[in-house]
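Student: Let chain F serve as the given structure and place chain Z on it in line with the hints.
One line per chain: the protein sequences are F and Z, in this order. Going by our numbering, the first sequence opens with residue 1, and the numbers climb by one from there. Going by our numbering, the second sequence opens with residue 1, and the numbers climb by one from there.
If you're looking for bench data, these hints aren't it; they were derived computationally from the structure. Built from N, CA and C at the ideal position, the CB exists for glycine as well. Among the hints, erroneous ones may be present.
What the hints assert, rightly or not - Taking lysine-lysine and the BS3-like style, the derived pairs with C-alpha atoms no more than 30 Å apart in a straight line are:
id, chain 1, residue 1, chain 2, residue 2
1, F, Lys346, Z, Lys171
2, Z, Lys234, Z, Lys346
3, Z, Lys75, F, Lys171
4, F, Lys346, Z, Lys85
5, F, Lys346, Z, Lys346
6, F, Lys85, Z, Lys346
7, Z, Lys171, Z, Lys75
Claimed, not checked - Which chain Z residues face chain F? A few, computed with CB under 8 Å, are given here:
id, residue
8, Glu12
9, Val204
10, Cys240
Protein chains: 2
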Amino acid sequence: MAPSRDDPTTSEMRHDWLTDRWVIVAPQRAARPVEFVHQPPRIISKHACPFCQGHEHETPAAVACYVDQGHAPGKSWHVRVVPNKFPAVSSPEAVLAVDSNALAFKQLALNSENSAWKESGYEVCSASAAMCSELYQRRFLSGGHEVIIEGPEHLQSLSQLDLGTASLVFKSYRDRLAYWLTEQALAYAVVFKNVGEEAGASLVHSHSQLIATDLVPTDILRAAQRMDQFFEQKGECLFCRTVREEIEQGLRIVEQTPDFVAYCPFASRLPALVTITSGQHCARFEALPDRQLEQLAELVHRTIRRLEQIFSDVAYNYVVHTAPASHQGSAAFHWRMDLFPRISTKAGFEWGSECFINPLTPENSAEQLRSVRL
Amino acid sequence: MAPSRDDPTTSEMRHDWLTDRWVIVAPQRAARPVEFVHQPPRIISKHACPFCQGHEHETPAAVACYVDQGHAPGKSWHVRVVPNKFPAVSSPEAVLAVDSNALAFKQLALNSENSAWKESGYEVCSASAAMCSELYQRRFLSGGHEVIIEGPEHLQSLSQLDLGTASLVFKSYRDRLAYWLTEQALAYAVVFKNVGEEAGASLVHSHSQLIATDLVPTDILRAAQRMDQFFEQKGECLFCRTVREEIEQGLRIVEQTPDFVAYCPFASRLPALVTITSGQHCARFEALPDRQLEQLAELVHRTIRRLEQIFSDVAYNYVVHTAPASHQGSAAFHWRMDLFPRISTKAGFEWGSECFINPLTPENSAEQLRSVRL
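Chain F on its own, in the form it takes in the complex:
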């Protein structure tokens, strides 16, 4: 007997080339009894929503505004981009202001046990200073953290926006990524969306976020290096190759449009995760022209509706991976976005090993998503 995808007696591992990690595909795990009933979060609105039209003064001033002249002419904006009031990163100016003093403190720590260092919130390095500083490295994080407010009305999911506004959202992603990566010359930038408490959202009103940093996260660098390695070995881009294989095999495709493909990756670590990318090689999301961004916005809009029909009111995330500065225009790096519903919980095994157990086969997920009537 050959192992089939749904054979309950054997577990299958699949290798993800990009991360060089194995994933456990274990549909039999879905049959186990569950005593917990997940309760959707309650939503409180003590104050009016700061993202709604009429409350623009409650956010920092917009750095960009987009109006859809064609569709809803009465509105002063359809997409507003504002600095995050509670940023995870510091502005380059703030870092510059403290940098010289910080350097002085670093010197102190490296030179001696100095109580001023401890009082400043830094540890005393009582043993070998060099060793200690290597185990306890700290640095500032310079960059930007922006919120893309999607529509003047209080809607929660991108799927509720009209297509005109959704297109503007994707154009704002392009513009802001280009601003941080090209104009500000930062090393890394990512756009992501959290919808619902289970996806890490803190506010309801439909929005995305952009974080740009002067440091490329380790896992992003590793993924870029894996794409380089594939290109060196095969003379072809990993995702160009994957897209071609996926289309030929047809088992995991959710939808194809003239310029894009949406598919459930072969070694997906999360159930019902969908990757969307360009069919033709393209390193940078920011390089996509207007008409492609409109097509992409429609495809993402539809894919979210597919997910929401299968898993009603589901919390979800998506992440837009574009080339970091080191890989802009690279023949090996291919931009993509990953879209995933939050229908599983990262438990002890996954936290410990980073080896994920996926209870849905990507083939079954793709089939379900394809068959949704829109």
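Tutor: For chain Z alone, coordinates are given in the frame of chain F:
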């Protein structure tokens, strides 16, 4: 002005030597408004709990049973270890049974486009077979998946067990890890605990799990290699060094006992995560003698009570990392356990970058945990 830990205008990154990842420590993020109110899960008990005394027939037969003669003499067991009814891995026997046919199918796929391959659930490799097979690698996962049932009574958290039972739990971890890693000679084994729905538990009754596999997860291998690298560079074990530094600095210690130390790691990616490990070098958890396991059980019991006093009824996980087969008895590998409450949500940014934003400084977490009156 030097950057202080709670300076709201600048973000600090900290480097985790073990994983070679940077973490963003951003206490200012805790101040942002939240519109979602998390609802604790409802608990249903349609059927009687299969882990309670009197329902032993509802689980597979026990592979190990522990009785605490001293404390509660009326019970037939205090800890029962049973095979998981819904295993994430296949037993070595199951894999053996399908292996020969699977190999035949693999051969087919490598040789030609063959419809039998597709019908069996495997993809047709229509392009270069070698390339295709590299992008679409699958394998069986052979090993064991066990449940450690902690106490005959229907309690939910390890902190509710009496200390005699808690000690037996830790002794069962040792015995089962030794069984899979030494007797069964598997490559990797991990013990973990999920308490509460938010931590990925499916059943309420206090239990842990053990997964043993014939493959070492990529991230575990990388961590072991980082420990090797530290040892090669410094002539000392990374965790021996860290424990010494932590005790000297005193800023992140939660508690010390004669043989163990509990501390909040400097570059913790999760808020209030506590690492517990041996003060003296020890590669293998399974090598701990009885009296140390009793001491450790008490320390973990207390540490969970600390967490539960600060975050009431909190869901939590812990993971016991012992040396994989390749590093048993290694001078570089040091066993540890990581214990963490589930008080934050992995959002789009973290899923995309694996760069975590920790809203609690480890220094503040340790101070809070230390000051709990037990």
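Student: For the restraint on Val204/Z, tell me whether the closest CB of chain F is nearer than 8 Å.
Tutor: Because about 5 Å separates Val204/Z from the closest Cβ in chain F, which is inside the 8 Å limit, the hint holds.
Student: Identify whether the interface hint at Glu12/Z stands, where standing means a beta carbon of chain F within less than 8 Å of its own.
Tutor: This interface hint holds because 6 Å falls under the 8 Å limit.
Student: Mind checking the alpha carbons of Lys346/F and Lys171/Z for me, to see if they're no more than 30 Å apart?
Tutor: Distance of about 26 Å is within 30 Å: holds.
Student: Would the hint on Cys240/Z stand, with a C-beta cut-off of 8 Å toward chain F?
Tutor: 12 Å, violated
Student: Quick one, are Lys171/Z and Lys75/Z close enough, alpha carbons at most 30 Å?
Tutor: 18 Å, holds
Student: Does Lys346/Z lie within 30 Å of Lys346/F when you go C-alpha to C-alpha?
Tutor: 9 Å, holds
Student: Within 30 Å, alpha carbon to alpha carbon, are Lys75/Z and Lys171/F?
Tutor: Outside the cut-off at roughly 67 Å; violated.
Student: Straight-line Cα separation of Lys85/F and Lys346/Z no greater than 30 Å?
Tutor: Distance of about 20 Å is within 30 Å: holds.
Student: Checking one constraint from the list: CA of Lys234/Z to CA of Lys346/Z, max 30 Å. Satisfied?
Tutor: 34 Å, violated
Student: Against the 30 Å threshold, does the CA-CA distance of Lys346/F and Lys85/Z hold or violate the hint?
Tutor: Given that 30 Å is the threshold and the Cα spacing comes to 20 Å, the pair holds.
Figure legend: structure checked against the earlier numbered hints; hints not met, in rising order: 2, 3, 10.
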